[in-house]
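If you read the protein sequences in the order shown, they are chains A and X. To convert, note that position 57 of the first sequence is 57 in our numbering; the numbers rise steadily by one, no gaps. To convert, note that position 7 of the second sequence is 7 in our numbering; the numbers rise steadily by one, no gaps.
Treat the hints with care, as some may be off.
With the Cβ distance kept under 7 angstroms, some of the chain A side facing chain X (calculated, not the full set) [stated by the list, open to error]:
hint	residue
1	S26
2	L46
3	Y97
4	N98
Just so you know, these hints were derived from the structure itself, not from any lab. All residues carry an ideal CB built from backbone N, CA and C; glycine is no exception.
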Amino acid sequence: RKEVEQDPGPFNVPEGATVAFNCTYSNSASQSFFWYRQDCRKEPKLLMSVYSSGNEDGRFTAQLNRASQYISLLIRDSKLSDSATYLCVVTLQRGGYNKLIFGAGTRLAVHP
Amino acid sequence: ETGVTQTPRHLVMGMTNKKSLKCEQHLGHNAMYWYKQSAKKPLELMFVYNFKEQTENNSVPSRFSPECPNSSHLFLHLHTLQPEDSALYLCASSQEGGWDEKLFFGSGTQLSVL
Chain A
1 RKEVEQDPGP FNVPEGATVA FNCTYSNSAS QSFFWYRQDC RKEPKLLMSV
51 YSSGNEDGRF TAQLNRASQY ISLLIRDSKL SDSATYLCVV TLQRGGYNKL
101 IFGAGTRLAV HP
Chain X
1 ETGVTQTPRH LVMGMTNKKS LKCEQHLGHN AMYWYKQSAK KPLELMFVYN
51 FKEQTENNSV PSRFSPECPN SSHLFLHLHT LQPEDSALYL CASSQEGGWD
101 EKLFFGSGTQ LSVL
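All chains should be built: construct the whole structure from the sequences, respecting the hints.
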């Protein structure tokens, strides 16, 4: 089983739509969780951290469910500029250091 | 501008060439990383340096050789690569230590091995 699993998509949605992505992780010892965004041919950039209490930043809401070992990202009122690949990331501590494990990403395409 | 600079942006090399990728971070971070990103695959961690010491070598073939002369600079020396090594190579840095570890990536080097 992959350490971090995501639906690759693509999710094709019209502008203004609400879209949600899920990500599951296999190691219950995972400590921290993030969503990164990667535009085509560009580097990943941190979108937001994910906390047990949930985290909202404008149109974006991230949730963590430790019992079921998944995190989610909800995007409301989608914009054309939201088109990108969204990477789920979890952190494990190994050998005294934190190791970030990336999912393969979910591609979102927002159309007019 | 993320504060992490990578050069070159693109590199084409033959299997017998020797080349180096360079990364520099201006963020005062203590940890630096090399990642490999192949099409439709997750980012693969290659090497981690914390305070200039290599703390992780993720079973990377010896044809990839990292070098970290100080906390701000990281190199990846390439020698006798294979065509399957063609990928996007990303450097990243972070303020090592806390659980809330956030990575800052460079723009990457798109490598093609012929």
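Evaluated hints:
At a threshold of 7 angstroms, the smallest CB-CB gap from S26 of chain A to chain X is about 13 angstroms, leaving the interface hint violated. With a least beta-carbon distance of about 5 angstroms to chain X, the hint placing L46 of chain A at the interface is held under the 7 angstroms criterion. At a threshold of 7 angstroms, the smallest CB-CB gap from Y97 of chain A to chain X is about 5 angstroms, leaving the interface hint in force. With 7 angstroms as the threshold, the beta carbon of N98 of chain A comes within range of chain X, its nearest partner Cβ sitting at about 5 angstroms, so the hint holds.
Checked against the numbered hints above, the structure violates only hint 1.
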